[in-house]
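Asker: This is what each chain is made of:
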Amino acid sequence: MAKANGKAVNIPVAADPVLSVRNLRAYYQMQYFGIVREVRAVDDITLHVNRNEIYGIAGESSCGKTSLIKTIAAANRPPLNVIGGSVKYSFLDRDIFRMSEDELSRVRWKHLSYIMQGSMNVLNPVRRIRKSFIDFAFRHINRPEREFFDIVAQHLERLRLSPSVLKAYPHELSGGMRQRVTIALATICRPEFIIADEPTTALDVVVQKDVLSTIREVQQEMRSSILFVTHDMTVHANMADRLGIMYAGRLVEEAPTRDIFANPLHPYTAHLIQSLPRIGDLSPKKALPGAPPNLSDPPAGCRFHPRCPLAMDICRRENPALTSLGPGHRVACFAASSEVRPVAETREAANPKVAEARP
Amino acid sequence: MSDLLAVDGVTKSYAFGGLFGRGVFKAVDNVSFTLETGRPEIFTIVGESGSGKTTLARMILNLIAPTSGTIRFRGTDLGAIRGARARMDFMRHVQPIFQNPFEVFNPLRKVDHYLFMTARRFAGASKTAEIEAHADAALKKVGLSLAEVKDRFPHELSGGQLQRTAIARALIPGPSLLVADEPVSMVDASLRMSIVNLFKTLRDDLRVSIIYITHDLATAYYISDRIIIMQKGVVVESGPARQVLDNPQHPYSILLKNSVLSPETIGEGILGLAHHSGEGPPANSAEGRAFTRTLAQPRSS
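Line order of the protein sequences matches chains H and B.
Just so we're aligned: 80 in the numbering used here is position 80 of the first sequence, and the numbers increase by one with no gaps anywhere.
Just so we're aligned: 37 in the numbering used here is position 37 of the second sequence, and the numbers increase by one with no gaps anywhere.
Hints were generated in silico from the structure; no laboratory data involved.
Errors might be hidden in some of the hints.
Claimed, not checked - Label-pair restraints from in silico Cβ distances:
id : chain 1 : residue 1 : chain 2 : residue 2 : range
1  : H       : Pro309    : B       : Lys200    : 18 to 24 Å
2  : B       : Glu156    : H       : Arg106    : 39 to 45 Å
3  : B       : Ser49     : H       : Asp95     : 55 to 61 Å
4  : B       : Ser68     : H       : Met30     : 56 to 62 Å
5  : H       : Pro309    : B       : Lys140    : 56 to 62 Å
6  : B       : Lys200    : H       : Gln154    : 36 to 42 Å
7  : B       : His113    : H       : Arg146    : 56 to 62 Å
8  : H       : Pro309    : B       : Ser68     : 37 to 43 Å
9  : H       : Ala75     : B       : Ser32     : 51 to 57 Å
10 : H       : Arg316    : B       : Arg120    : 53 to 59 Å
11 : H       : Glu147    : B       : Ser32     : 54 to 60 Å
Where a beta carbon is used, it is the ideal one built from N, C-alpha and C, also for glycine.
Use the sequences and the hints to build the structure in full.
Answerer: Right under this line is the structure:
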């Protein structure tokens, strides 16, 4: 694997990832009146998340971010089906798709937890916060109730929340406090892996900064890993250790955050970074022309080519493989380097069933 | 000469409580500003959630009445607008753009319905061809065309397209003032700039004044001419946008500015964690471990 070689220069423990996703494909498969429609929301994604790392995933809406994290957590439901590939966690003895629902429910929250976008969706509006803690975490912690709430109170204090929030209903708390309660819920069992799906999108700047630093602090303290999903590149710049850029269901670039901001190789990444408005900068910012592709009928070749300023002939025909071009820096763009080859050439031993599914 | 919009000492308070203990909550407290007629500008209102931005916008749109103070549009007190005809006339000149384009349009209705209805009501068009011409002209101003929008339901358009359609709808009556309440906060970062640039074009080419309400200081800096910063209903700082944002004076404005995350701050520890380098997991190196702060230590800021 090219990626492991590239990373070995920089980070010695890359061989011990908490999460390794290989060639993951998940499609929405629908059948109406005998006509099968496939929406390729997650298409051939390979990535690793190391211990004690925040891995950011960026991309616009409908690029497959949410489908990816659903699949990674094995929380996908039909019509979203896993077509191929594997998702392995270091704390599980086998692929997550080979586990029964029962086994999964023991793992979820204790080892693998979530911080969701709308905190109102996580907290039951008609139950006090204390009941939510019982619903989510009691059976995983497996202690008598009094001891359990001692642990909860300690944990809340660590997140600078007063234990009195336990008596409150969700609507009595402000948006920032609610979001910190969901962070407390997600981290109470000290999970190894946390998936954060746009945890600050609905919050204003002051609260956002506070919530982000809370997430960062808990992560540091527990030394767990976070898969952090948001479309806001400025949040990624300040949170993520490594960053993966998704476009139309594919990973198009991956690099350490500083590297990707200093030297974006994919034209889409470069656009995302250049178009960020900043205080003190009045240079005109351009929006990307065109719309993201329809994933049920994606363009042939590189999916970015219809909007790409650098599109060449090969981009319209071939799909570029994610290629390692520097320490930890992978990119899928023919224009970035001549080393980037089409996927068809690089795939050595493709799963025949997968190959069949693709036209 | 008269001002386009004169907001003069406007206060909106809500009473709460009941038998045991009453109180008055001032959502907007004594806010004044004016927009001039001959000089279209983007006037930005910044503040955190709950600072009264939206309440102020609703008063300017004449959806709710202020408790005290007056709002005059071209010299007419909004409180004096009575009757359907006068109200329609006001709406012809002042149009809203809302936060979430997915909630603005009824999901069961085609998007063009709203364009046609507005054209029929305000542009005085009655024939189908005329109505469609009005809708198409408005859509062209926002970089769309009727062919892209006609017969489409909201879910068939992207968020950016929907928000631009909402702006096109607001442009059909030929307004002189647009009130945009957080128009980009639900739109993707990559599409955000297309909306923000559109506001600039509207100001420069169509000479429409825009009241832009946001909590995003970066886009505010990029497009606004003047800015007011609100905290708990009170204007704490106002002035030319660049001047205010380059050198904020009030502690709250400084707090807001310091909370803005910037792509340049990688590794500068803006989140209170000095070790964050953006260069892979820090704990894998010996010095990275030394920098790792635990929760037991107090925050430095």
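Asker: Hint by hint, say whether it matches the structure.
Answerer: Taking the hints in turn, this is what the structure says about them:
A C-beta distance of roughly 22 Å is found between H/Pro309 and B/Lys200, which places it inside the suggested range of 18 to 24 Å. Under the hint 39 to 45 Å, the C-beta atoms of B/Glu156 and H/Arg106, about 42 Å apart, fit the expected range. Hint check: B/Ser49 to H/Asp95, Cβ distance near 43 Å, so the stated range 55 to 61 Å is violated. A hinted range of 56 to 62 Å holds for the C-beta pair B/Ser68 and H/Met30, which are about 58 Å apart.
Range check, H/Pro309 to B/Lys140: about 24 Å between beta-carbon atoms, so the 56 to 62 Å window is missed. Judged by the Cβ atoms, the range 36 to 42 Å given for B/Lys200 and H/Gln154 is violated: they are separated by roughly 52 Å. Between B/His113 and H/Arg146 the Cβ separation comes to about 60 Å, which falls inside the hinted range of 56 to 62 Å. Against the hinted window of 37 to 43 Å, the Cβ-Cβ separation of H/Pro309 and B/Ser68 comes to about 55 Å, which falls outside the hint.
Distance hint for H/Ala75 and B/Ser32: a CB-CB separation of about 52 Å, consistent with the stated range 51 to 57 Å. H/Arg316 and B/Arg120 have their C-beta atoms about 45 Å apart, which leaves the hinted 53 to 59 Å range violated. Taken as a hint, the range 54 to 60 Å holds for the pair H/Glu147 and B/Ser32, whose Cβ atoms sit roughly 58 Å apart.
Hint compliance for this structure: hints 3, 5, 6, 8, 10 are not met, and every other hint is.
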